[in-house]
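S.K.: When you get a sec, could you build the whole thing from the sequences and use the hints?
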Amino acid sequence: MRHLERFFYSYGQWVGSRPWPFTVLPLLLTIISGYGFVYFHSDDDIWDLYAPSNGVSRVEENALRPFEFASSTHHYRMQILVTRKDRSNLLEKRILREINQANNALIGILSPAMALFTTFGLLFWCNVPFSNVLTVVPFLVITIGIDDAFLILAGWRQSDPTASLPDRIGQSLAISGASVTVTSFTDVICFAVTFFTAFVAIISKQNLKIRKENRIDNKNSPSISSFSSFFSLSSEDVKSIFSVDGVVYFLHKSSTKIIVILIFLIHISVSSYYATKINTNFDMENLYMADSPLTEISRTMQNLVLKEAYVVNVAVKPFPDLKNDTLRERLMKMVQELENIPKFGQGESGTELWIREYEQSVAFWGEELDGEKSMWSNKQILENYRQSGIDEKFLLLSRNQLNQEKIIGFYFTVTYHNLENFLEVEALMEKRY
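For the sequence shown, the positions run 1 to 433 when full-length UniProt numbering is used.
It is worth saying that the hints were derived from the structure and are not from the lab.
For clarity, every value in this text was computed on a predicted model and none was experimentally measured.
A couple of the hints might just be wrong.
What the hints assert, rightly or not - For each label pair, taking beta carbons as the anchor points, the in silico distance ranges come out as:
#	residue 1	residue 2	range
1	L49	I266	31 to 41 Å
2	K277	I46	41 to 51 Å
3	M301	L397	27 to 37 Å
To be verified - Using 30 Å as the maximum straight-line C-alpha spacing, the simulated DSSO-like pairs for lysine-lysine come out as follows:
#	residue 1	residue 2
4	K323	K379
5	K343	K333
6	K406	K307
7	K317	K205
8	K323	K307
9	K406	K393
10	K393	K333
11	K379	K317
12	K317	K277
13	K343	K379
14	K406	K317
15	K323	K406
16	K307	K333
17	K379	K333
18	K323	K277
19	K393	K317
20	K431	K343
21	K406	K333
22	K379	K277
23	K379	K393
24	K277	K431
25	K431	K393
26	K343	K307
27	K406	K93
28	K379	K307
29	K431	K333
30	K333	K317
C-beta atoms are modelled at their ideal positions from N, C-alpha and C, and glycine is treated no differently.
M.R.: As structure tokens, this is what we get:
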């Protein structure tokens, strides 16, 4: 017996001779540890799940977090893409009429939804309890209702467009009424749980009866069945013993061990080499199946959004001393570098920065106000900012001990274009430093 086997054999004997500690202690530990479920909580923050604790993206998000409208913590920007199936002009009257037909789909959902609301209301009124098993029922009913709505709409398309409204509705129901009736009747039968339960009970009872009869037949001829079973198993066992012994002997040969070790080393070497050749280029479309609708959505977003307008929020905190001409020039130089990144930048036209408008006002009125106050002082900037009517979402404000507001930070947006895919977005993010 090998050393490891002897160790576990001794350990098993020791546990077997003292079973109670190994039974009670694990139970107590499990019960005590179960108290931790009282403090159960879930952490679904996307930054904690996917961003390293010292990653640049996390640092940037923490800088934007105080700004309510710029941070993804407070707001989620939704982009809605509307395109034609043939990629041509969307604003043709024919296409707009097709879009208006969405009302028909809403009515098709509204009708089964009202039926569900009515049915559940009556059942609850009769003090019938709700079961979690019935959670799927609303979805089934809506599916059936939409199916019938398709049939009725198909009948409407086949009706005479020149007929009056009552006649056209009559024609539609005449065409689709039989189909709706048949589908409703078959759906009632298919989803009648008690109907199928009865059949399952009957079939189960028949199976139990057949098994009972087979057991009786086996008891009547025990010697023959036992002998035949023993004979067949013994012949197979003899064959398997010889084959297993041969394989075991072959695997324990020194030459076989050397060959296996060499194959393993070659496998590790080849795998390590190709691991260094992995292309880490990431594409959003690789996350979806080829026939998934999300693939087309991702491709459309890359064509329409990334090429036209990719907005980046830039936070500046703490608020710089803009009375310092050198510091103000450095700030504007940084802005110019961000908005003029080769290939992607749009220049000043793609930047929304309130300081530029404020500079024009200062150039017109002068930096000194009444010979005493500076137009670039924190207090004066906030006062003039509010008088100009610019949205205050770009500013981060705070109050001092005297309850006076002051600017402690701000953010601005830079819009980029000509991005082909998200790999170029990554390249753009690397160029901003």
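S.K.: A separate judgement is required for each hint: does it hold in the structure or not?
M.R.: These are the hints, each one checked on the structure:
Judged by the Cβ atoms, the range 31 to 41 Å given for L49 and I266 holds: they are separated by roughly 38 Å. About 31 Å separates the C-beta atoms of K277 and I46, a value inconsistent with the hinted range of 41 to 51 Å. Between M301 and L397 the beta carbon distance is about 35 Å. The supplied range of 27 to 37 Å therefore holds. About 12 Å separates the Cα atoms of K323 and K379, which keeps this hinted pair within 30 Å; it holds.
Taking the CA atoms of K343 and K333, the gap is about 19 Å. The hint holds against a cut of 30 Å. Our distance criterion of 30 Å between C-alpha atoms is broken by K406 and K307, whose separation comes to about 38 Å. In summary, the hint linking K317 to K205 is not supported, as the alpha carbons are separated by about 77 Å, beyond the 30 Å threshold. For the hint pairing K323 with K307, the CA-to-CA distance comes to about 38 Å; that exceeds 30 Å, so the pair is violated.
With a C-alpha separation of about 14 Å, the suggested pairing of K406 with K393 holds against the 30 Å cut-off. Between K393 and K333 the alpha-carbon distance is near 24 Å, which keeps this suggested pair within the 30 Å criterion. Our distance criterion of 30 Å between C-alpha atoms is met by K379 and K317, whose separation comes to about 17 Å. A distance of roughly 41 Å separates the Cα atoms of K317 and K277; the hinted pair therefore is violated under the 30 Å criterion.
Taking the CA atoms of K343 and K379, the gap is near 39 Å; set against the 30 Å cutoff, the hint is violated. The suggested pairing of K406 with K317 holds, with an alpha-carbon distance near 13 Å, which does not exceed 30 Å. Taking the CA atoms of K323 and K406, the gap is near 15 Å; set against the 30 Å cutoff, the hint holds. Proximity of K307 to K333 is assessed by CA-CA distance (about 26 Å); at most 30 Å being required, the pair is judged to hold.
Restraint check for K379 and K333: the C-alpha separation of about 24 Å stays at or below 30 Å, so the hint holds. The straight-line distance between the Cα atoms of K323 and K277 is roughly 53 Å, outside the 30 Å bound, and the hint therefore fails. The straight-line distance between the Cα atoms of K393 and K317 is roughly 15 Å, inside the 30 Å bound, and the hint therefore holds. Restraint check for K431 and K343: the C-alpha separation of about 11 Å stays at or below 30 Å, so the hint holds.
Distance restraint check for K406 and K333: the Cα-Cα separation of roughly 25 Å lies within the 30 Å cut-off, and the hinted pair is therefore satisfied. At roughly 57 Å between alpha-carbon atoms, K379 and K277 are farther apart than 30 Å, so this suggested pair is violated. A distance of roughly 17 Å separates the Cα atoms of K379 and K393; the hinted pair therefore holds under the 30 Å criterion. A threshold of 30 Å between alpha carbons decides the hint, and for K277 with K431 the separation of about 25 Å falls inside it, so the pair holds.
Straight-line distance between C-alpha atoms of K431 and K393 comes to about 27 Å, which keeps the hinted pair within the 30 Å bound. As the CA atoms of K343 and K307 are separated by approximately 11 Å, the hinted pair is consistent with the 30 Å bound. For the suggested pair K406 and K93, the alpha carbons sit about 53 Å apart, so the restraint of at most 30 Å is broken. Restraint check for K379 and K307: not satisfied, since their Cα atoms lie roughly 40 Å apart, outside the 30 Å limit.
For the suggested pair K431 and K333, the alpha carbons sit about 16 Å apart, so the restraint of at most 30 Å is met. This hinted pair checks out: K333 and K317 have alpha carbons roughly 17 Å apart, not beyond 30 Å.
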